[in-house]
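Assemble the whole structure, with the sequences as input and the hints as a guide.
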Amino acid sequence: MIVLEKRPQPSKAWSYATPLVAVVATMVFGGLLFAILGKNPVEAIGTIFWEPLFGEFSFYYRPQLLVKGAPLVLIAIGLSLGFRAGIWNIGAEGQYIMGAIFGAGVGLAFYPLDAWYVFPLMVIAGAFGGWIWAMIPAFLKVRFGTNEILVSLMLVYVAEQFLASVSLGLLKNPEGFGFPGSRNLQSYDAAHNAELIAGSGMHWGVVAAFVSVIFAYVLLNRHMLGFHIRLTGEAPRAAKFAGVNPPRLILFCLGVSGALAGLAGMFEVSGPSGVVSIDFNVGYGFTAIIVAFLGRLHPIGILLAGGLMALTYIGGEIAQSQLGLPAAAIQVFQGMLLFFLLAFDLLTNYRIRAARSEVA
Amino acid sequence: MTIPLLSLQGLTKAYPGVVANDHVSFDIGDGEVHALLGENGAGKSTLVKMIYGLIKPDSGTMLMRGQPYAPSEPRAARADGIAMVFQHFSLFDALNVAENIALGMENPPPMGDLAARIREVSENYGLPLDPYRTVGDLSAGERQRVEIIRCLLQDPKLLIMDEPTSVLTPQEVEILFETLKKLRSEGTSILYISHKLEEIRTLCDHATILRLGKNVGECVPAETSARDMAELMVGSALQTPERAGRALGPVALDVTGLSVPSPSEFGTALKNVHLTVRKGEVLGIGGVAGNGQDELLGALSGEITTAADAIKFNGQPIGRLGPTARRKLGVLTAPEERLGHAAAPDMSLTENALLTGSVRENLETRGFLKWSDARVFAERIIKSFDVRTPGPENAARSLSGGNLQKFVIGREVLQNPEVLVVNQPTWGVDAAAAAAIRQAILDLAAQGTAVVCISQDLDELMEISDSFAALNEGRLSTPRPTAGLTVEEIGLMMGGAHGMEVAHV
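For the record, the sequence lines run as chains H and U. Per the numbering used here, the first sequence starts with residue 367, numbered consecutively. Per the numbering used here, the second sequence starts with residue 28, numbered consecutively.
I should point out that these hints are in silico values taken from the structure, not numbers from a laboratory. Bear in mind that the values here come from a model prediction, so they are computed numbers and not experimental data. Among the hints, erroneous ones may be present.
[Unchecked claim] Here are the in silico distance ranges between beta carbons for each label pair:
hint, chain 1, residue 1, chain 2, residue 2, range
1, H, R509, U, M138, 39 to 45 Å
2, H, I515, U, P155, 39 to 45 Å
3, H, F505, U, Q466, 49 to 55 Å
4, H, R717, U, D164, 43 to 49 Å
5, U, I30, H, R373, 46 to 52 Å
6, H, L506, U, S99, 46 to 52 Å
7, H, S531, U, V403, 56 to 62 Å
8, H, Y483, U, S289, 51 to 57 Å
[Stated by the list, open to error] Here's a subset of chain U near chain H, in silico, CB distances under 8 Å, partners left out:
hint, residue
9, E330
10, G349
11, P350
12, P362
13, G367
14, P372
15, M374
16, L381
17, T383
18, F395
19, N421
20, A422
21, R424
22, S425
Positions of the beta carbon are idealized from the N, C-alpha and C atoms, including for glycine.
Shown next, in the form of structure tokens:
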């Protein structure tokens, strides 16, 4: 019989190795899945991982990596702070939408004023939109002890309805011939989150993502607040003993994750997307949960995981168009990644041993 | 001579660092209510777990009606007619009484038959209970009835009851006693575990007293005074303290009329606690676990905030201050639970040193952490308190209980506290480490620190404390000088007799 034996202390080596092992296992079993679907597994895996980086059209795909990766990293960094402390914000998607609506709303309110302060105000509004949306579950949890998982998740659907409402009403383009969706912010220079270097994919959201990684790293490793966040996740009672004020921590963690998700939404709507429309959100807020765990809730890990996830997104799209793989197969492939990561994670704290069964 | 129902012969069970049971022998006769009496940690639970097949003895034998009896698991014990009612119930709130009982049975009969049986047994023994009620709606006393009826349906020969009255109101206690007397009259033996002396005197035919894992005496409770039993339980070999008559400083910690509800469901609320501790004084607080010790520590550490005036430090109200602010003033605490409360198990010793040391040891500047200083502090604790570990980067959980306890106590002691509150400072710690910890507490007091030591180890309290008080159901007895306190007085301060008087009011 195989038994799991708890290690006296977590294995450093395994905590670094598990993401790699998980990626390899995903390749193996994903390849198997593709083979069952009648595709050449080596070619499929190659398309997903190789094509976007080094393929013939990589000049187009590489900037896309930044565009897709930035919101994932930005959101995941925020989520990871809460996850570290055992505060589960599952509703980043909603906060992302609200950030986009608030940011775009401010921008459109100034239309067509050409002033330098329009974009900074949009940034603040976007962060505020995400923050206020996250404050709803935070306040309810602190005041009434509600479950933040459910409340934040439900608010995603409220935000989606709100998005549909403003796309068809409040923010609808008056010159849009009755089509749903706002004016395109890409053609309003003062509000456009343009590429900082043309053709690089590098926009302000990418900068914000990198800054957030550094910010989170310093917070978690060098600051008392970060220490208290980790302590709360590891041992809530010890955290209370150390002087942590749990309600304040809940407000902080949900607030930061909401604000960062809001920022991500705002940078997206003013840049790559350009338009507030019914189908504006594509699931970054949910995928960021995977990114956060894939990166082991560590800022640098999240940066790498965000890149990897963006790669599978773009590679997956290429595989869909070139090899005719169904979109669902790509999603399964991404799900496998999280599944294997969590499964192999066990090895950090446990070792597997063969043992004879013994009747107690 | 008749063959006893169950005969225990030289049962021994050792855990790392502690011998829970050391050659315990006694007999339980047919139709006898046999009391197992002892302080917490005396080894009562370990003993009954061996009888019920939950753990195996290291050595010694058990005979049931003269036949060797060695249950490998509780199911085997039940098959041999032994049933047990645990102190903490294992019931599913969402299911009804009959469903809960069926879950514990090997071959449950159809629900209708079972419900009828439950009704029959419950009425027979004066424990009215509706089999279709949801367990979540039942009171603690009624839940206990479910557990008892679950046992009675097996027709046990021996019923083990672990501290059954700890969750009951006085009225419920009387009903329970009627049931137990009826069971006895039908020939069922009962092994009754308790530390409430008056209860045992009313109910039990025979008592075995355990202290530190050893059988230290037997008596017929009805013919023995509560005082004598307390003495047996506590041990007459208490060392007299050698610290009496030292000059003490002004009052450092003043607790007046402290009443707080327990933060936990199974906790005990503190009721009107008064105490003062002077500089250089060690106040020992005894009492059986679960009588408000954790709550008292929480209220003093700042984890539970109270009315500002209820707790004063050097005359300054601190009841509303949180743990960090109190640490800044010099009020430090060390909780009982090492892993998860005093220390974070998966974090390194450096991080755990930071946990309480950041304020007084100056390990942060405007929120930013000084890791190298924290590491130095951790190394200092490890060195001064002889903590056996390869280094401060090791996780707290990798340390043995005694070593971690030395670390946790050392962390507070080295911060030069003005007031130090410790709960169970030597619980589960080997003798050498315990002596070192006590010495550190005494040294601290000699330097003028006011110390509150909450403990269930009376020997320890007698050894280090200048005055003594006992917690009983969240009330604290008036502290008295340890010098001149007799064993009987201590036993009565913390024991059942005092508690029962309160209950009868």
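Output the numbers, in ascending order, of every earlier hint that fails for this structure. none
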